[in-house]
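Number of protein chains: 10
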Amino acid sequence: MSHNIIDKIDAGQILNETRLAKGLTWRELAEQIDRPVVWTVAALLGKHPVPKVNAVRVGEILSLDDEVVSALQRQPYRIADAGLATDPTVYRFHEAIDVYGQALKELIHEEFGDGIMSAINFSVDFAKQEAPQGDRVVVTLNGKFLPYQW
Amino acid sequence: MSHNIIDKIDAGQILNETRLAKGLTWRELAEQIDRPVVWTVAALLGKHPVPKVNAVRVGEILSLDDEVVSALQRQPYRIADAGLATDPTVYRFHEAIDVYGQALKELIHEEFGDGIMSAINFSVDFAKQEAPQGDRVVVTLNGKFLPYQW
Amino acid sequence: MSHNIIDKIDAGQILNETRLAKGLTWRELAEQIDRPVVWTVAALLGKHPVPKVNAVRVGEILSLDDEVVSALQRQPYRIADAGLATDPTVYRFHEAIDVYGQALKELIHEEFGDGIMSAINFSVDFAKQEAPQGDRVVVTLNGKFLPYQW
Amino acid sequence: MSHNIIDKIDAGQILNETRLAKGLTWRELAEQIDRPVVWTVAALLGKHPVPKVNAVRVGEILSLDDEVVSALQRQPYRIADAGLATDPTVYRFHEAIDVYGQALKELIHEEFGDGIMSAINFSVDFAKQEAPQGDRVVVTLNGKFLPYQW
Amino acid sequence: MSHNIIDKIDAGQILNETRLAKGLTWRELAEQIDRPVVWTVAALLGKHPVPKVNAVRVGEILSLDDEVVSALQRQPYRIADAGLATDPTVYRFHEAIDVYGQALKELIHEEFGDGIMSAINFSVDFAKQEAPQGDRVVVTLNGKFLPYQW
Amino acid sequence: MSHNIIDKIDAGQILNETRLAKGLTWRELAEQIDRPVVWTVAALLGKHPVPKVNAVRVGEILSLDDEVVSALQRQPYRIADAGLATDPTVYRFHEAIDVYGQALKELIHEEFGDGIMSAINFSVDFAKQEAPQGDRVVVTLNGKFLPYQW
Amino acid sequence: MSHNIIDKIDAGQILNETRLAKGLTWRELAEQIDRPVVWTVAALLGKHPVPKVNAVRVGEILSLDDEVVSALQRQPYRIADAGLATDPTVYRFHEAIDVYGQALKELIHEEFGDGIMSAINFSVDFAKQEAPQGDRVVVTLNGKFLPYQW
Amino acid sequence: MSHNIIDKIDAGQILNETRLAKGLTWRELAEQIDRPVVWTVAALLGKHPVPKVNAVRVGEILSLDDEVVSALQRQPYRIADAGLATDPTVYRFHEAIDVYGQALKELIHEEFGDGIMSAINFSVDFAKQEAPQGDRVVVTLNGKFLPYQW
Amino acid sequence: MSHNIIDKIDAGQILNETRLAKGLTWRELAEQIDRPVVWTVAALLGKHPVPKVNAVRVGEILSLDDEVVSALQRQPYRIADAGLATDPTVYRFHEAIDVYGQALKELIHEEFGDGIMSAINFSVDFAKQEAPQGDRVVVTLNGKFLPYQW
Amino acid sequence: MSHNIIDKIDAGQILNETRLAKGLTWRELAEQIDRPVVWTVAALLGKHPVPKVNAVRVGEILSLDDEVVSALQRQPYRIADAGLATDPTVYRFHEAIDVYGQALKELIHEEFGDGIMSAINFSVDFAKQEAPQGDRVVVTLNGKFLPYQW
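Protein chains in written order, with this note's numbering: chain Y, 1 to 150; chain C, 1001 to 1150; chain S, 2001 to 2150; chain F, 3001 to 3150; chain X, 4001 to 4150; chain P, 5001 to 5150; chain V, 6001 to 6150; chain G, 7001 to 7150; chain Z, 8001 to 8150; chain R, 9001 to 9150.
Hints should not be assumed to be uniformly reliable.
Stated by the list, open to error - Just a sample of chain R residues kept apart from chain C, beta carbon distances all over 10 Å, derived:
1) ILE9014
2) GLU9017
3) ARG9019
4) THR9025
5) GLU9031
6) HIS9094
7) ILE9120
8) ALA9131
9) GLY9134
10) THR9140
Stated by the list, open to error - Subject to a maximum C-alpha distance of 30 Å in a straight line, what follows is the list of computed DSS-like cross-link-like pairs (lysine-lysine):
11) LYS1052/C to LYS8128/Z
12) LYS4128/X to LYS5128/P
13) LYS2128/S to LYS4052/X
14) LYS5022/P to LYS5128/P
15) LYS6052/V to LYS4022/X
16) LYS4052/X to LYS4022/X
17) LYS2128/S to LYS2022/S
18) LYS8022/Z to LYS8128/Z
19) LYS3128/F to LYS2128/S
20) LYS1128/C to LYS1022/C
21) LYS1022/C to LYS2022/S
22) LYS128/Y to LYS22/Y
23) LYS6128/V to LYS8052/Z
24) LYS6128/V to LYS6022/V
25) LYS1128/C to LYS128/Y
26) LYS6128/V to LYS7128/G
27) LYS8052/Z to LYS8022/Z
28) LYS7052/G to LYS9128/R
To be verified - Residues of chain S clear of chain P, computed beta-carbon distances all greater than 10 Å:
29) ALA2021
30) GLN2032
31) ASP2066
32) VAL2099
33) ALA2127
34) GLN2129
Don't read these hints as lab results, they were simulated from the structure.
For every residue, glycine included, the Cβ atom is placed at its ideal position computed from N, Cα and C.
Bound-form chain Y, shown alone:
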């Protein structure tokens, strides 16, 4: 029985510190393991179980200890963090849903029928769009439509 169990969240923080110390960007790390960048950041910070091949590769790139590599592979608890939701950078996303969520619901029902956009069969893309009046953050949410189906 292992005496060095590390929590996934702690593993993610250790990984992140190491990444910063090595001067590696998230995007470079994502490219090196050939995975989408938002998935990579979320997974390495503890929101997804990292497949063994990716976890081992990240461990090699960053010279992580085995228990960190092991923790990355474990199944997560994806607990909503009420504190984090007040960070201004994160809050703007929730505010956008508070303002436009009803409109999105109307359009999903109008164009797809009664149901939801899955947050499980789902991906997020992140891009930087250059613009003369200031660069723009472009986040694309892409989820399978799931009809209410008895």
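Given chain Y, put chains C, S, F, X, P, V, G, Z and R in place with the hints provided.
Coordinates of chains C, S, F, X, P, V, G, Z and R only, in the frame set by chain Y:
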């Protein structure tokens, strides 16, 4: 002094019932007033002040009473609706932010610097993506990057 | 423009009073419209849009006004009702999830992989099981497994 | 006086890590102690006092320390974990109750009378149902009806 | 279809006003319908469905309208009232549970085993105990022990 | 200045573990110090200051360290534990107050006048009542009536 | 059965408007019914049942309708008003308790023993103290000490 | 740089334990430093910065370590403690404000004008009033009236 | 007794609609009654009692009914509106305090001593600052320092 | 990989203690690094990433360890601290927004149009204003107006 003040939220509900009774989709209505579809739904349901020219045009299309047309133009309170946030169709968007919000924060800081994606200088696009394993909802959030700037 | 808009929740209450006055059980009503019983109760009380054919048939059986029949067909807001959750009959279900939810999560991940039981592609069955020491309520939740799939 | 008191929750985590390290599934473990699988997972993670014979047997199978075996047998506090309730895999169960709880209450009262489904004289079954369009999670809640009885 | 549906809570308030106007105590009313006094007050204020024979008798005693007598018989929602819980007379009961609840849990487990005192197969008795230093309120909670029983 | 200050809650947990290890029931312990059993459990778990004579006696019976004996005598903070209130065994008591609290308030006012049942000049009795259909938990709350008295 | 039941809170508001319209101060009104001023304001605004003699006298002074006079005499619900607690004039009192409550608890225990200051056998006095640097509000809380007494 | 930083709250607890061990009452301590007793208890438990002369004197009287004496002098955070507010001895003060706060607001406005009683330019006095029917706690709040003044 | 009591909040809404209908800005209205602009808006929307001379003048300018003019003069409840606090325009102010509040506290203590900035002896100024990269909102909070003074 | 990771909040506390021990005011420190004073306090306490040149300079001035200097430069989580918001010195700012926030919203919309004052492109100034009746705290919030712009 007007004795027929209608609340913006009530005005939006009357408008929506009328729209459904006439068999007009949100997308058709948006095209007729030549405005983006998510903006149109949100604004007509009370989340934005509707410019006079658009409000009057919508009033003509749907044969709305003057006080409804007037209410559409008023400045809104954009109150977050805690009940609505539990509707499954809306909840999935908040859940996605709960799962991926930290990753989006990391990437904004990595690629843009310390700051936020504006939810004010901001647009949302909604699209239906056909796919063999089931159609997909594609929602694109596009906001100007605002650096913390003293 | 209709001047007799009835809220779906109010429509459900009118329907329910009428059903009780006529001495018709939910199960009989479900059979007459040939739909599953839990779906029927939930939908007629406002949690689902009722297909036109079912709504019209229910309207005939219960002699409901047109605006009630119309309200049944509208798209619902499925808002979580914090008050209802404290009713002892409803609370026991939440308590069961509080006690066994972690175990269900462990087993879903063990036997299906990383993902969820859908609450959308989902049905609920309700049965009475006779037993010598007292009858038992048997509720079966049946949802499609959705793997986290990027 | 023992100086090695281990919390039941901590004992469950140690047990789980050891189980994973040994490559033993929950279902295999449940079979080896001849107990239902949902009960086994819940109890070993700290939600029930484990009878001595089962605790000792689990201790042998997993080579657990005595204080872990002892902790498994203690009476638990079954505190509702508000954080866990936001994990998407667990949340779907609460959402299902939010959507269908009122219907279940109606049917319990209609078919059994005024009362509740016990969450104490109660069992949960978990099964995997294979289906051409994707496997399904089947969770059966089975509780004794308790009439309000003065 | 009845057009005079009265809410159970409203029915209870009408009943109570009428009772006070007639100068009838709760205890007298309970005796006249031959039911326990705490049950009678709770049920007539809307916490229980009142059996038809009792509801009709109360209606006669207090000359209540038919829709009130009818409302008394309906199945209740027993929603916890967070406001009421702050009334000093009610708060003291919750405070007593906050102070002594853990001790009651210890003793239930010690003397009965793992389980609960049912709040459904349950009665409450209320008595006035005369004492030289001031009369005392004596409330007896009597519930069937329900063992956790899979 | 003492360097071995133990928190009252921690002292109670040490005491309880020791008690269990010695196979002594709460009731036996209460008899040995000649105090009511609910008071004894509550006080030894930290809800009351234990008089020196009782604390010393308990220390002797259980061979507790001096700082534990000392902690038992300190004045407590009787903080309401929101987590504990969700434990099913404790929750049923709060639920009973939620269902019957208004009735108790009505009867207190009817039979005593405007005022409360004291939770300070107050005792709780716990008993096991044998019954053919299952043993019953009987909890008696006995508090001095305190009239609102300016 | 009375058809003109007025809520105590509403009765208090009607009374207050009438009082203001007549230019009568609370202190004058208290003197005219020979009751303490804080009691008078609280009771007439619905926090206490007003004895018949006082209610009738107030009704005469202010020419109140009978149903208002009747409402004043009813037993109140003394619900804590979370909104009112944020009014700056009321908030300062709660803030004072937040800052000094622990000190008051220490002193009550030191000088009286384990127990509380009753809020039931309790009076509040309000005075204006003139001072060169600005007048001062002096509020005196006077409650019977109640020892924890089993 | 000091390596022995002690938190003000921790400093207060150490001070209090030492005080109790030495058998010194709060009132005696307050007299020895010639400060009001409620201020003394609050300040020494961490709610106020203690002037150096008082902190040093208390340190001498109780033989406190330098870092405790230093901590007493630091500026506090006066965070409202939601747990403490549920302690029965503290709760009664908040309950009194919940019941009489509106009346105090009315009287402040009537006798002083629109404004508040300051909780900053403010003192609290604590006294024991002997009475034949039981001693009374007398707490006097004395705060400067501050008019809303633009 | 007046039968036309209007709530201050409702009075403010009527006033505001009338003002908009007349095309009068808040700033023009403030100038016409010679009061600061932020005070004027807040007071006319119900946050302050409006002095009679100002209320009457506003009534003349806007041709308001007497009961509106009367309501403006009444003492307000200044209840914090949790919904309004989520409106994006208002939220940014609370966010600024969440980010900079601790720094403001440090500086108040450093430069003034232990105490607060009064929110009662307090004014707010609002200005538009033109700037090449976009106009700026300048809000100046000006409150008397109040030292903790026993 | 660094084994001496310090949290930004902890780094801020160490820095502050060192600053106090050295008798350096925040304003002096701000001047020495030539940055605005409110920014300096907020940033050094962990609310902003401190540019390397400023962090190194502060490290020299205060002789801070390298890991503290490093922590100062990291990207922060700007979590709203609900406890801090109850500190009286901080609370007054939130109260001011609760009282005047609606007025500020009205004026922003009237003079700028539909939009917000940015809390990101934003600065805060702090000044002491001497006045004969007591010095005043003057806090100036200065944020770029951001129009809702699709």
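Hints, one by one, checked against the model:
{"no.": "1", "hint": "ILE9014", "in the structure": "holds (22 Å)"}
{"no.": "2", "hint": "GLU9017", "in the structure": "holds (26 Å)"}
{"no.": "3", "hint": "ARG9019", "in the structure": "holds (21 Å)"}
{"no.": "4", "hint": "THR9025", "in the structure": "holds (20 Å)"}
{"no.": "5", "hint": "GLU9031", "in the structure": "holds (16 Å)"}
{"no.": "6", "hint": "HIS9094", "in the structure": "holds (17 Å)"}
{"no.": "7", "hint": "ILE9120", "in the structure": "violated (5 Å)"}
{"no.": "8", "hint": "ALA9131", "in the structure": "holds (28 Å)"}
{"no.": "9", "hint": "GLY9134", "in the structure": "holds (30 Å)"}
{"no.": "10", "hint": "THR9140", "in the structure": "holds (13 Å)"}
{"no.": "11", "hint": "LYS1052/C to LYS8128/Z", "in the structure": "holds (25 Å)"}
{"no.": "12", "hint": "LYS4128/X to LYS5128/P", "in the structure": "holds (23 Å)"}
{"no.": "13", "hint": "LYS2128/S to LYS4052/X", "in the structure": "holds (25 Å)"}
{"no.": "14", "hint": "LYS5022/P to LYS5128/P", "in the structure": "holds (24 Å)"}
{"no.": "15", "hint": "LYS6052/V to LYS4022/X", "in the structure": "holds (17 Å)"}
{"no.": "16", "hint": "LYS4052/X to LYS4022/X", "in the structure": "holds (22 Å)"}
{"no.": "17", "hint": "LYS2128/S to LYS2022/S", "in the structure": "holds (24 Å)"}
{"no.": "18", "hint": "LYS8022/Z to LYS8128/Z", "in the structure": "holds (24 Å)"}
{"no.": "19", "hint": "LYS3128/F to LYS2128/S", "in the structure": "holds (23 Å)"}
{"no.": "20", "hint": "LYS1128/C to LYS1022/C", "in the structure": "holds (24 Å)"}
{"no.": "21", "hint": "LYS1022/C to LYS2022/S", "in the structure": "violated (35 Å)"}
{"no.": "22", "hint": "LYS128/Y to LYS22/Y", "in the structure": "holds (24 Å)"}
{"no.": "23", "hint": "LYS6128/V to LYS8052/Z", "in the structure": "holds (25 Å)"}
{"no.": "24", "hint": "LYS6128/V to LYS6022/V", "in the structure": "holds (24 Å)"}
{"no.": "25", "hint": "LYS1128/C to LYS128/Y", "in the structure": "holds (23 Å)"}
{"no.": "26", "hint": "LYS6128/V to LYS7128/G", "in the structure": "holds (23 Å)"}
{"no.": "27", "hint": "LYS8052/Z to LYS8022/Z", "in the structure": "holds (22 Å)"}
{"no.": "28", "hint": "LYS7052/G to LYS9128/R", "in the structure": "holds (25 Å)"}
{"no.": "29", "hint": "ALA2021", "in the structure": "holds (28 Å)"}
{"no.": "30", "hint": "GLN2032", "in the structure": "holds (36 Å)"}
{"no.": "31", "hint": "ASP2066", "in the structure": "holds (40 Å)"}
{"no.": "32", "hint": "VAL2099", "in the structure": "violated (7 Å)"}
{"no.": "33", "hint": "ALA2127", "in the structure": "holds (24 Å)"}
{"no.": "34", "hint": "GLN2129", "in the structure": "holds (20 Å)"}
In the structure shown, a violation is registered for the earlier hints numbered 7, 21, 32, in ascending order.
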